[in-house]
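Chains as they are written, first to last, in the working numbering: chain S, 1 to 80; chain F, 1 to 117; chain L, 1 to 241.
If you're looking for bench data, these hints aren't it; they were derived computationally from the structure.
One or more of the hints may lead you astray.
What the hints assert, rightly or not - Below are the PhoX-like pairs computed for lysine-lysine, each with C-alpha atoms no more than 25 angstroms apart in a straight line:
(1) L/K2 to F/K34
(2) S/K24 to F/K34
(3) L/K2 to F/K28
(4) L/K2 to S/K24
(5) S/K24 to F/K28
Said to hold, decoys possible - Interface residues of chain S toward chain F, partial, derived using beta-carbon atoms under 8 angstroms:
(6) V10
(7) V20
(8) T55
Idealized CB from N, CA, C, for every residue including glycine.
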Amino acid sequence: MSQAFDLLLVGLLIACAIAVIRTKDLLGATIIFSAYSLVMCLIWLHRGAPDVAMTEAAVGAGVTTVLFLVTIGRTVRRER
Amino acid sequence: MIVHLWQNIDYVASVVLFCIGLYCVITKNNLIKKFIGLNIMETSVFAFIVALGVVDGGDAPIMGAGARAPFTNPIPQALILTGIVVAVSTTALALSLVIRIYQHCGTIEADELREME
Amino acid sequence: MKRALTAAFLVLVSLPLLYAMSQLPQHGSATSPAYTHIAPRYLERGPEEAGAENVVTDVILNYRGFDTNGEVTVIFTSLAAVFAVLLAGREGDERSASEPRARTTPEVSPVASFVVRLLSPFVAIFAVYVVMNGHISPGGGFQGGTVFGALLILATVVLGKATAEKLQPARIRGLLQAAAPLTFIAVGVAGLIMFGDYLAFPKAAALAWVRTLWLIVIEIGIGVGGASIISAIFWQMGGDR
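Just chain S, with the same shape it has in the complex (with noise of 0.2 angstroms):
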């Protein structure tokens, strides 16, 4: 059972950076981005590692993605 839960996070983490680099709109790959974010506070929550976990889910999900949105405000939305 937990090593099935472990594979589902661990495919789903590596189907996020996947969709991440796939998308061409920079701020849907910035949401993924966050999502990609959460799903490793959640591997790092199983594995034993709370205080990483609430590390990243602050930093990783919630700052780093407010920063990425500033900038694409400020520049542009579509990837050429």
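Fit chains F and L to the known structure of chain S by using the hints.
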């Protein structure tokens, strides 16, 4: 070897994520996309180092009433906490450089920037 | 063509990496070298020796305090660098002046505004809890500071920058942004004067409460500094309206 890798699925996943991030950094033209790829590479390295400290059935290393051994290794976790914060600092600096580049050149595509010189 | 070449290159890169991974100790084994040398001592004696039940906090702030001192300096330096990059030559920039920027503030729905006003005290209390409880539960200065910084960003987006800035009086904003390195240096110098080493903590068993107190002081410094640095970077990068 394959069986061993199958049991160490965390290590394999971090190698795969590292390659995906590197692919993004090399092939994508858009600077913001390149930095997203760089962030994926960073996270994969963090995941690898945290995976080194995992112990089967280990609890979080928080001693208190009701805490039972085994505990996961606290040292990789402490290193990675530092690493995550440094990663967000570099991302902030990189993105502010992207904003400046856009203000000056009006584009953030690497090949157009190269032609401009 | 370029993509195919890159993919081939990545396969070449990943083969030695995978080979190295297959030589590593079994994932999750309790006999791997990383787990048998110094970790048992930290796990056994960390709480008495370093002052916090959360061993990760012990390692970050006490055993490896130098490392974290450098790290808070790094985030402060990155704030300074963001300021330098975005403020340099601002007035001589004709493109940004002619750029058709939508300066009109979009109408914020009353529901969003009400919910943010309702929730912000609770988010602030949660942030303070995470910071103050970092020595006995998961969390600590960075995490709590980031939550508080996120609250400031939310307030900026929904309620306007003026409201959010009231939480950081302009007179002491510079001091707040430098809070993390300053706290570290203050505690380090106090250890230097009292115990003879930079960042030395009291060692006597009777002084356990002093160790815990110093950890909490450093956590609060990192929390305040982290929150102000994150909000300042956000404001500087143009999230202000």
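Would you list, in rising numerical order, the hints stated earlier that this structure does not obey?
none
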